[in-house]
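Each protein sequence line maps, in turn, to chains A and B. Using the working numbering, the first residue of the first sequence is number 224, and each one after it goes up by one. Using the working numbering, the first residue of the second sequence is number 224, and each one after it goes up by one.
Distance condition first, Cα-Cα at most 20 Å in a straight line; then the derived SDA-like pairs of lysine to any residue: (1) B/K319 to A/E305; (2) B/K319 to A/D309; (3) A/K273 to A/A255; (4) A/K297 to A/Y227; (5) A/K319 to B/L315; (6) B/K319 to A/L315; (7) B/K319 to A/Q242; (8) B/K225 to B/R292; (9) A/K319 to A/E261; (10) B/K319 to A/G313; (11) A/K297 to A/A226.
Cβ pair distances, simulated, as ranges: (12) A/C248 to B/P247: 19 to 29 Å; (13) A/H229 to B/A274: 31 to 41 Å; (14) A/P247 to B/T270: 26 to 36 Å; (15) A/V293 to B/S301: 45 to 55 Å; (16) B/E259 to A/D309: 26 to 36 Å; (17) B/L232 to A/E261: 29 to 39 Å; (18) A/K273 to B/T228: 35 to 45 Å; (19) B/T270 to A/S301: 39 to 49 Å; (20) A/K225 to B/E294: 53 to 63 Å; (21) A/E261 to B/V293: 48 to 58 Å; (22) A/M224 to B/V293: 53 to 63 Å; (23) A/E308 to B/E294: 37 to 47 Å.
For the record, the hints were derived by calculation from the structure and aren't laboratory data. Please read these numbers as outputs of a predicted model, since none were measured by experiment. Every residue gets a Cβ at the ideal spot worked out from N, C-alpha and C, and that includes glycine.
There are 2 protein chains.
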Amino acid sequence: MKAYTHPDLDQVSLPQVMQALSDPCRISIMQALMAEEELACNALPVTVAKATLSHHMAVLRDAGLILTRVEGTKCLNSVRMEAFEDYFPGLLDLLKAA
Amino acid sequence: MKAYTHPDLDQVSLPQVMQALSDPCRISIMQALMAEEELACNALPVTVAKATLSHHMAVLRDAGLILTRVEGTKCLNSVRMEAFEDYFPGLLDLLKAA
DNA sequence: CTTCTTGTTCTAGTTTGATCGAACAAGTGA
DNA sequence: TCACTTGTTCGATCAAACTAGAACAAGAAG
Numbered sequence: 224m225k226a227y228t229h230p231d232l233d234q235v236s237l238p239q240v241m242q243a244l245s246d247p248c249r250i251s252i253m254q255a256l257m258a259e260e261e262l263a264c265n266a267l268p269v270t271v272a273k274a275t276l277s278h279h280m281a282v283l284r285d286a287g288l289i290l291t292r293v294e295g296t297k298c299l300n301s302v303r304m305e306a307f308e309d310y311f312p313g314l315l316d317l318l319k320a321a
Numbered sequence: 224m225k226a227y228t229h230p231d232l233d234q235v236s237l238p239q240v241m242q243a244l245s246d247p248c249r250i251s252i253m254q255a256l257m258a259e260e261e262l263a264c265n266a267l268p269v270t271v272a273k274a275t276l277s278h279h280m281a282v283l284r285d286a287g288l289i290l291t292r293v294e295g296t297k298c299l300n301s302v303r304m305e306a307f308e309d310y311f312p313g314l315l316d317l318l319k320a321a
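Start from the sequences, fold in the hints, and give me the full structure.
Structural data, given as structure tokens:
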């Protein structure tokens, strides 16, 4: 499929994270991942074209918020916990409370 | 000057808050207000034209993050603490840590 | 090998947002 | 009254982002 690259969290800025989470669609994706541990793209609660979804996932990945791994033709996504625990304290609570 | 309106926090969405904080300039403004209690617009640590600053302040105000009150020809801005304490838990930590 | 599924990339269109100059409104003070 | 300060609003410009169709790559399944 593709070699997914995940950024160093040192190099992710707060504005970038905020920007990534400023879209309702992407917030829904994060909340689904927080509830389900690991999900393929087609299992996410969105109603956009697959090209659009691919874009949204790349934005979240580049912001250091999710991890993506390949399994067959699918890619499985999960929350990048280290980002929330070590780099952006409070962000997890913020998403949970919404 | 003007009658500033502040939104009900019930009607502010998380994407709107995230969008408001997705700009480095606005994050700097919030951090300055968190440190100084109350500041006039011209005392904020920004280097943009006053029309631009006025826009940024309106974005923060509409997102429920700041309060603005008039005093003479100046307007004094402060953090809207109820938003952080009751509606967006974790957000204050997120801004402090950055 | 062929077909289906999954997801990416390219390209393009539309929308949103940041920026700033200019004009304006309102209070301050001489 | 007149000049100054502070901040808003309007209009325009430019960059960034959301959206999706079409073509493509790669594994899975028959």
